[in-house]
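Undergrad: Residue numbers (the working numbering), protein chains in the order written: chain L, 1302 to 1478; chain W, 4 to 338; chain S, 3 to 168.
Please note: incorrect hints may appear among the correct ones.
As the list claims (entries may be wrong) - In the EDC-like style, the derived pairs of lysine to aspartate or glutamate whose C-alpha atoms are separated by at most 20 Å in a straight line are:
hint, chain 1, residue 1, chain 2, residue 2
1, W, K148, W, E70
2, W, K65, W, D9
3, W, K311, L, D1305
4, W, K79, W, D189
5, W, K318, L, D1438
6, W, K16, W, D119
7, L, K1322, W, D310
8, W, K148, W, E35
9, L, K1327, W, D107
10, W, K16, W, D107
11, W, K311, W, D189
12, W, K148, W, D310
Hint data in this document are derived by calculation from the structure and do not stem from the laboratory. These numbers were taken from a predicted model, which means no experiment stands behind them.
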Amino acid sequence: MVRDAIVGFWHILRAMGMTLKYFFTKPVTVQYPEQPVRLYPRFRGRHELRRYEEGPYQGLERCIGCALCAAYCPTQCIYVQAGENQDGVQRSPGERYAEIYEINLLRCMFCGYCEEACPTGAIVLRRQFALADYSRDRLIYTQDRLLTPSEPHAIILDDRAGSEQERRPGVSGKPKG
Amino acid sequence: MDWVTDFWIPVIKAIVVVLALLVGGAYMTWGERKLCARFQVRYGPNRAGPFGILQPLADAVKAIFKEEIVPHHVDKAIYLMSPGISFAAVLITFAVIPFGPQIDLLGRQIGLWIGDLQVGLLYLLAIAGLGSYGIVLGGWSSNNKYSLLGALRATAQMISYELPMGLALLSVVVLAGTLNLNRIVDFQGQWPLIVWQPLGFLIFFIAILAESNRSPFDLPETENELISGFMTEYGGIKFALYFIAEYTAMVVNSAIVATLFLGGWKWPAVLSNLHPLAGVALFLAKVLVVLFLYVWVRASCPRVRYDKFMRFCWKFLMPLAWVNLAVTAVIVALI
Amino acid sequence: MLEMAIFSILAVVAVTAGIAVIAQRNVVHSALFLLVHFCCLAGLYILLNAQFLAMTQLIVYAGAVVVLFLFVVMLLGLERARELPDPRRYQWIVGSLLGMLWVAALIWALFPQAAQTAPALTRSDNVRQIGAALLTDFAIPFELTALVLLVAVIGSLVLAKKKLEG
């Protein structure tokens, strides 16, 4: 009984010593809007539809409206409606392009299967994670918004262990897919 | 002239103290969040004003503008009364605590305490007992099973912790030979009572953790078992009243510990003799130390199980307090 | 003057609360009125300069006894008094006789020649005297009271134990 009490008291003192030790360490919190958060390179954030950046198709949308992403999507949050490319006003290199391309981010679970299914690497999951909004409608992302690249205020950690490189938004990161 | 001294000075003192306690309680919510955050290697609130200093203000505004909801199944009168009982009991507890020496103000001798009661220590115990009615009645009147369980726990807990608490205070009384808090503070001019009563201090501190429903003894509200215990049905300003009562109780209880065991405003006499306000500063510093201890314990100890707490109080703390009292009494009698 | 005013308020509230204790159907409300009554009594003691008695009143009766009442009522869920047939049929006769006796005693006490209420204490610093008196002049009644309480505790234990076995 007495021994239990003394041992218990000693344990409590040790616990309090432990917390006191952490009291004097620097907080690990990242002050996010002011400071960049650290993301791993394969972090999956919001989708983006990509365009060709160079080559013969420069400036055209990669998406050819095949809807494989929509077929593959486990939550069925992607809606694609294809349209025929007219001669002279090509929006994509193939016969068809995505006339309507919508992703319901309320249902999306960011699994990245759409990215894997896409034959042209048109849809990719980038790092944007700041997705809060004021209405549900705003969270159904339409094609024009998906085509607009946006980068979070973040440091992307290097895949290789240890070092990290800071990346300025949208300048030199290696695109995925 | 007499009318002024007899009536207005205590009233003004009371108003000042109540305002100070309100601010203190409000800032204790901020202080606890800040300190707890540091214990958990976080920053805590830092968005409202520099260092989050306006956080209590923001919380208060939010609470006041919330919709006032009275569930239809409650016992309305008691339901509305209970947070007030809690809060009022906390505020009037401070009435007997001396927070400074007698000072000269505008040619009058003014003691920095509200009431110089001969039975001040008993007053503290009595009001502490009344304060728990706020919790018990709040839980019962909510007419909700979780609230009722919270209220039941509050009553059982109160009966358990009050005995060791009273016994720990008795050893203080035996040493100081008085129930008057001013005399007890005077007694500690040389050495604070914690030097003679380390065990008494420990017992009293544990009891007071239970009295203000603080972790690890926050059994009436255990949020993982009882949702929010006795305040499950409370919202808006009524909830805020309970909340600020809890934090003001922490401040007041810290003041009691500082007065009874840490030498009040007097010890060390070298410092408090310098200037009357130095005594007040000493008192405040001690209160802050005890408040830090409160948060430190909360950050370190997990909540004890309900039955274990009862067993701890009745079968361990109370015999310990008895032994402490007996040893103290024998030593005092021999010397 | 001020004292008279405070006394009148406390007295009226105390009597009203006392009546409310037996008039209420809800047991918890009854207990609450009992609490109010006890608090008023404490106030009256303070008016008589008996601060120690007042605080003891608050600690023991208001703080502990009523809380125990509430605990039992809540634990057993007896908030609503049910209409039960009275098992002792002649209880009311004895009760009213005793009540009339008590009222008579009260009326007699109100007559000036019999009025011998305790005088207000002159000093409020009387804790030491009370302690000394309890342990010297009144040591035997004091210890007897302790014995009675002990017997009550043991008795309740025995009763509870029997219930458990049965």
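Undergrad: Holds or violated: K311(W) with D1305(L), Cα cutoff 20 Å?
TA: Holds - the C-alpha atoms of D1305(L) and K311(W) are around 14 Å apart, at most 20 Å.
Undergrad: Decide if the proposed pair is consistent with the structure: K318(W) and D1438(L), CA atoms, cutoff 20 Å inclusive.
TA: violated (62 Å)
Undergrad: Measure nothing beyond the straight line between the CA atoms of K65(W) and D9(W); if it is 20 Å or shorter, mark the hint as holding.
TA: violated (40 Å)
Undergrad: Within a Cα-Cα threshold of 20 Å, do K16(W) and D107(W) meet the stated pairing?
TA: holds (14 Å)
Undergrad: Holds or violated: K148(W) and E70(W), Cα atoms, limit 20 Å.
TA: violated (24 Å)
Undergrad: Does D189(W) lie within 20 Å of K79(W) when you go C-alpha to C-alpha?
TA: Outside the cut-off at roughly 47 Å; violated.
Undergrad: Measure nothing beyond the straight line between the CA atoms of K16(W) and D119(W); if it is 20 Å or shorter, mark the hint as holding.
TA: holds (13 Å)
Undergrad: Would the hint linking K1327(L) and D107(W) be met if the CA-CA limit is 20 Å?
TA: Given that 20 Å is the threshold and the Cα spacing comes to 46 Å, the pair is violated.
Undergrad: For the pair supplied as a hint, K311(W) and D189(W), confirm whether the alpha-carbon distance does not exceed 20 Å.
TA: violated (39 Å)
Undergrad: Does the structure keep K148(W) and D310(W) at a Cα separation of 20 Å or less?
TA: holds (19 Å)
Undergrad: Hinted pair, alpha-carbon criterion (20 Å max): K148(W), E35(W). Please report holds or violated.
TA: Given that 20 Å is the threshold and the Cα spacing comes to 30 Å, the pair is violated.
Undergrad: For the pair we were handed, K1322(L) and D310(W), check the Cα-Cα distance against 20 Å.
TA: violated (32 Å)
This entry does not satisfy hints 1, 2, 4, 5, 7, 8, 9, 11, going by the numbered hints stated previously.
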